[in-house]
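Based on these hints, arrange chain B on the given structure of chain A.
If you're matching them up, the sequences are chains A and B in order.
Going by full-length UniProt numbering, the first sequence opens with residue 1, and the numbers climb by one from there.
Going by full-length UniProt numbering, the second sequence opens with residue 1, and the numbers climb by one from there.
Source of the hints: derived by calculation from the structure; they are not laboratory data.
Using N, Cα and C, we set each Cβ at its ideal position, and we do this for glycine too.
Any given hint might turn out to be false.
To be verified - The list that follows gives simulated cross-link-like pairs (lysine to any residue, SDA-like), each with its CA atoms no further than 25 Å apart:
1. 49/B to 64/A
2. 57/B to 23/B
3. 61/A to 64/B
4. 49/A to 23/B
5. 61/B to 116/A
Stated by the list, open to error - Covered by chain B, according to a simulated footprint, are these stretches of chain A (three or more residues, beta-carbon under 8 Å):
6. 32-46
7. 71-82
8. 102-113
There are 2 protein chains.
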Amino acid sequence: MVQLLAQFVTHYYSTFDADRKNLAPLYRDTSMLTFQSDQVLGASAITEKLAGLPFQKVVHKYDRTDAQPTPNGILIVVAGQLLVDDGEQPLSYTQTFLLAQDGSGSYYVQNDVFNLVVF
Amino acid sequence: MVQLLAQFVTHYYSTFDADRKNLAPLYRDTSMLTFQSDQVLGASAITEKLAGLPFQKVVHKYDRTDAQPTPNGILIVVAGQLLVDDGEQPLSYTQTFLLAQDGSGSYYVQNDVFNLVVF
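Chain A extracted, bound-state conformation (with noise of 0.2 Å):
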């Protein structure tokens, strides 16, 4: 599992960074979003959701990530900070991902709730 999670988390956030439209393939139609509070449900809005971010680069740092086996899937739960359009103040982020796997024992994220750090 140790492994599982570090390929997960690198592979999301270097493709988040790169060019986050190709995050598609790690969501399914019955994937839920929440992202500072709003709900978006399946793969194609999740994605057309974190496209249209009101930002052109971004790079995240994780500094902790816990998981946990649960009945279905694994629990990620990630603390990091993120710098915007070479802003010079990160700002800190808290991620949740509940991964599941579909019939072909592949894992994609069945639910993401993604929220600002407000201090």
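Just chain B now, kept in the frame of chain A:
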């Protein structure tokens, strides 16, 4: 789901703040807690861990709760602040719960990840 969410969060933190040993019935033998990177398995060990935390009094305030249905339960993400032992400086925290239903339809905490937010 909204009502269940509000009931659970209110019940969890009011119980925690009154006498946290009484949280035991919310967990099961398969439940997992990650508390500041310490991993604990099972209702009994989780209750012992919570009861043994080095403070007498604690008050939780939660600013934000997000919830999503999952294939077998409910994912809840809380962001809030806590004050221990009449201190004046609140500590920010995030806590993620994955609730599952047992055979009788009662919800319990299957997964629990608690982190203080470091500024």
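Comparing the hints with the structure gives:
The suggested pairing of residue 49/B with residue 64/A holds, with an alpha-carbon distance near 21 Å, which does not exceed 25 Å. Restraint check for residue 57/B and residue 23/B: satisfied, since their Cα atoms lie roughly 15 Å apart, inside the 25 Å limit. With a CA separation close to 23 Å, the supplied pair residue 61/A and residue 64/B stays within the 25 Å bound. Our distance criterion of 25 Å between C-alpha atoms is broken by residue 49/A and residue 23/B, whose separation comes to about 38 Å.
Among the hinted pairs, residue 61/B with residue 116/A is consistent with the structure: their alpha-carbon atoms are about 18 Å apart, no more than 25 Å. Check result for the stretch 32-46 of chain A against chain B: holds, 4 residues qualifying (beta carbon to beta carbon below 8 Å, three or more required). Counting residues of the stretch 71-82 of chain A whose beta-carbon sits less than 8 Å from any beta-carbon of chain B gives 5, enough to reach three: the coverage restraint holds. Counting residues of the stretch 102-113 of chain A whose C-beta lies closer than 8 Å to any C-beta of chain B gives 3; at least three are required, and the coverage claim holds.
Violated hint for the displayed structure: number 4, the only one.
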